[in-house]
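Chemist: Could you build all of it, start to finish, from the sequences and the hints given here?
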Amino acid sequence: MYEIPLITADNFITYALNGVSRGMIIFLVASGLSLIFGLIGLINFAHGAMLALGGYGTYIVIQATGNFWLGLVVSVALVTVLGFVLERKLLYWIYDEPLLGFLGTFGIGLVIEEALAVYFGSRSYTVPSPLPESVQILGVSYPSYRLFVIAVGAVVALGVGLLLAKTRLGLEIHATANMQPTAEILGVDTARIYTITFVLGTALAALAGALTAPITSMYPTIGLDYITMAFLVIIVGGMGSFKGSFVVSMIVGQIIAFGWLLLAPTYVRIVIFAAAMVFILYKPRGFFGKPEVHE
Amino acid sequence: MSDLLSVEDLNAFYGDSQVLFDVSLEIGSDDVVGVFGRNGMGKTTLLNSLVNRIDRKTGTVTYRGQDVSDWAPHEIIREGIAYVPEEREIYPALSVRENLELAMAASVSEDVREERIQNVFTQFERLGEREKQRGGTLSGGEQQMLAIGRALVTDPDLLLLDEPTEGLAPAIIDDVVEILESLVTGDQAVLIVEQNINRMLPLIDRGYMIQTGQIVEEGDSEYLGDEELQEKYLTV
Numbered sequence: 001m002y003e004i005p006l007i008t009a010d011n012f013i014t015y016a017l018n019g020v021s022r023g024m025i026i027f028l029v030a031s032g033l034s035l036i037f038g039l040i041g042l043i044n045f046a047h048g049a050m051l052a053l054g055g056y057g058t059y060i061v062i063q064a065t066g067n068f069w070l071g072l073v074v075s076v077a078l079v080t081v082l083g084f085v086l087e088r089k090l091l092y093w094i095y096d097e098p099l100l101g102f103l104g105t106f107g108i109g110l111v112i113e114e115a116l117a118v119y120f121g122s123r124s125y126t127v128p129s130p131l132p133e134s135v136q137i138l139g140v141s142y143p144s145y146r147l148f149v150i151a152v153g154a155v156v157a158l159g160v161g162l163l164l165a166k167t168r169l170g171l172e173i174h175a176t177a178n179m180q181p182t183a184e185i186l187g188v189d190t191a192r193i194y195t196i197t198f199v200l201g202t203a204l205a206a207l208a209g210a211l212t213a214p215i216t217s218m219y220p221t222i223g224l225d226y227i228t229m230a231f232l233v234i235i236v237g238g239m240g241s242f243k244g245s246f247v248v249s250m251i252v253g254q255i256i257a258f259g260w261l262l263l264a265p266t267y268v269r270i271v272i273f274a275a276a277m278v279f280i281l282y283k284p285r286g287f288f289g290k291p292e293v294h295e
Numbered sequence: 296m297s298d299l300l301s302v303e304d305l306n307a308f309y310g311d312s313q314v315l316f317d318v319s320l321e322i323g324s325d326d327v328v329g330v331f332g333r334n335g336m337g338k339t340t341l342l343n344s345l346v347n348r349i350d351r352k353t354g355t356v357t358y359r360g361q362d363v364s365d366w367a368p369h370e371i372i373r374e375g376i377a378y379v380p381e382e383r384e385i386y387p388a389l390s391v392r393e394n395l396e397l398a399m400a401a402s403v404s405e406d407v408r409e410e411r412i413q414n415v416f417t418q419f420e421r422l423g424e425r426e427k428q429r430g431g432t433l434s435g436g437e438q439q440m441l442a443i444g445r446a447l448v449t450d451p452d453l454l455l456l457d458e459p460t461e462g463l464a465p466a467i468i469d470d471v472v473e474i475l476e477s478l479v480t481g482d483q484a485v486l487i488v489e490q491n492i493n494r495m496l497p498l499i500d501r502g503y504m505i506q507t508g509q510i511v512e513e514g515d516s517e518y519l520g521d522e523e524l525q526e527k528y529l530t531v
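So the protein lines, in turn, are chains A and B.
Under the working numbering, the first residue of the first sequence is numbered 1, with each subsequent residue one higher.
Under the working numbering, the first residue of the second sequence is numbered 296, with each subsequent residue one higher.
Read the hints as simulated data drawn from the structure, not as lab findings.
Be aware that one or more of the hints could be misleading.
[Unchecked claim] Heads up, simulated DSS-like pairs for lysine-lysine below, C-alpha to C-alpha not over 27 Å straight-line:
id, chain 1, residue 1, chain 2, residue 2
1, B, Lys-427, A, Lys-166
2, A, Lys-243, B, Lys-427
3, A, Lys-243, A, Lys-283
4, A, Lys-166, A, Lys-89
Modeler: Right, here's the structure in full:
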């Protein structure tokens, strides 16, 4: 019979921190997905593949140079450039056709995942932690790298939040997302805003992939697992709500961290999705979704 | 050809439906021009066509000697045209100030931005009092002031006004007409499309009548004020 581990004050903090670091990775994926959906209305099924590319790119650079940090920077930069090329050369032309957008991004995702499977095979790869030591925090010894992931997630959340709320670019993103034709007659280059937002969203997915590489093993369809959780997060958080994505990512991270004490990972996912379905029945617009009121 | 805006043989389409037929008109750099017609005759489509906010069009739009027929809307706007749409299209979740900020190009210096915003607040005191209030909470008249203010902060050479009195209470219409009176004495050209011809005639230098997408009459205020003409083209 499966024995439930005893939760002590020490391992409670460890599990909670694990939940925060996992939640940060989910948030990076979900916030990119949410930005792209919120602005362009595109459900980007290639988002998970961008995460996988970020992870595998990091792995390749580590194999060549042994330097994780270089791998992180190079893979995020290259996937960001790929996102730019995809948006300009393909997706830009099909924004007005939601079905084509769905099929296009789904196809791009499949091609990337199959290419990874052909090149790397279906076995899992792991990347050594670049910060193998632990540090004392809140009275427990905790891996430095996971704290680094938490810090990066917090900085990104703050940075993107400020970008959206306090800058000229944020104002133009809001204007384009809410009334694109109006933004155009106010002089906003909305095609440029679409590109910037798609590229930013892609960069966040690649960053999530690179950061997660030393924590979990990588396989070609790793993005699928994250993207389904990210979809759940943006639906429960409220479509297009950056704040909602953050809050729900943190909650899901905690449920996973503590859920694994009681249940196998598959069952934890089932519980999360069932809870989300019940929540959506009760509150269809999610935590921070806007009501459909035409002012 | 006019020194500011010249439209030649403009045909405009929404999907397969043609809305404008061979429309030609001219606007000089200090002209105040009106286009009048019943609902559904193509007035709004005409303005949308000038800034390329339309599915498809043929013909030529020349602005300051440049053929802008195929330019993106934002590129035409940044050349010095400001558009006040019929529905006002105020961003409901943005404050009055943010709505004004958005309309100004990023390249405009901080000092100039502030000066222009303060000028709008001087001209429309109610907007100044509601600087931090969300656009969606303003009354219809205040939203119209904000829509006009949003155009003025760009310091335009040509102001396009789509039915500025549409949907407003009579008392508010008086306020808006008063604002328009001050605008038409300014140094920018103005193109107003309206149904409410009698309130606009004192403001314009000349105008056009439009019917089923075609310019059918052209003349000064006196000519367009003719009752028979108005009966023919404006009475429902």
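Chemist: Does each hint fit the structure? Answer for all of them.
Modeler: So, going through the hints one by one against the coordinates:
Straight-line distance between C-alpha atoms of Lys-427 of chain B and Lys-166 of chain A comes to about 14 Å, which keeps the hinted pair within the 27 Å bound. With a CA separation close to 22 Å, the supplied pair Lys-243 of chain A and Lys-427 of chain B stays within the 27 Å bound. For a cut-off of 27 Å, the pair hint linking Lys-243 of chain A to Lys-283 of chain A stands: about 17 Å separates their Cα positions. At most 27 Å may separate the alpha-carbon atoms for a hinted pair to count; Lys-166 of chain A and Lys-89 of chain A exceed this at roughly 31 Å.
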